[in-house]
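Enquirer: Generate coordinates for the entire structure from the input sequences, incorporating the hints supplied.
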Amino acid sequence: MATIVFYLVALAAVISAIVAVTHKNPVFNVLSLVVTFFCVAVNYALLGAHFLAAAQILIYAGAILVLFLFVIMLLGAPGEDAALVPRPFQRGAGLLLAILFAAGSAAVVATGTFLAQPSGVSGGPREIGRLLIGPYLFAFELISVLLLAALVGALVLVRRKD
Amino acid sequence: MTVPTSHFLLLATCLFAIGAGGVLLRRSGISILLGIELMLNAGNLALVAFSHQHGTLEGQIFVFFVMAVAAAEVAVGLALLVAIFRKNQSIDVDRLNLLRW
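Protein chains in written order, with this note's numbering: chain A, 1105 to 1266; chain B, -14 to 86.
Just so you know, these hints were derived from the structure itself, not from any lab. Idealized CB from N, CA, C, for every residue including glycine. Just to be clear, a hint being listed does not mean it is correct.
[To be verified] Quick list of simulated restraints, FRET-style, between CB atoms: (1) G1198/A with A68/B: 28 to 34 angstroms; (2) R80/B with A1197/A: 17 to 23 angstroms; (3) N73/B with L1204/A: 28 to 34 angstroms; (4) L1259/A with E43/B: 31 to 37 angstroms; (5) R80/B with G1233/A: 44 to 50 angstroms; (6) V54/B with L1219/A: 29 to 35 angstroms; (7) F1218/A with Q74/B: 51 to 57 angstroms.
[Unchecked claim] Sample of chain A residues facing chain B (criterion: CB under 10 angstroms; computed from the structure): (8) A1114; (9) V1134; (10) V1144; (11) I1168; (12) V1225.
Expert: Rendered as structure tokens:
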């Protein structure tokens, strides 16, 4: 059962990711990226990370991509102009990505298929919360300062000068 | 749970390559930010897969922090794009050649 779900979701994730980076219309890009993020959330749930699956949907699909849509609507859905000059490095970039993907896949395949041992560790909100308030308290506080800095920075950047 | 961890890693590799392609080949600033988000998600998926493989929760804590950093990055990046659009009437990164000598 989990196997069938995984392969269906993986296929959907790859297709929607390809649409998200190739379609000309930015609204379509964002909406198909929502599908990809939902598929990644299903993968988290399959891996036992239930809290992260919820957080993925809440933060990425709920907050970040809505922010993207808001900015696209604000700027009047700017599409891409035709290229001013054809980009000379496109072939090189494609080759680089193909090598990257091939090397990564080869490394994974060469190590063979390995199954996780059943460990009994659950990624529910209680366990994650205990770790965040316990050993990772300093990083947790630091990340809140970072979010505050990003908030102030964004406000300063979009402030009108007059 | 019978899906091998390596298949999750293959999916993460695939998503990362697609996201990197978006960053390298698109010219719209918004699409570049979307590609960065896709790459961050691929990294997160690999972290959760390894965390599951080793039976610990540290990888999931890392993913939580990466999500927070991604949210901060998007807020600042989109604010920059709005500021650039006000100045240039375009978010085409090929037109951003102010600092080119």
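Enquirer: Of the numbered hints stated earlier in the document, which are not met by this structure?
Expert: none
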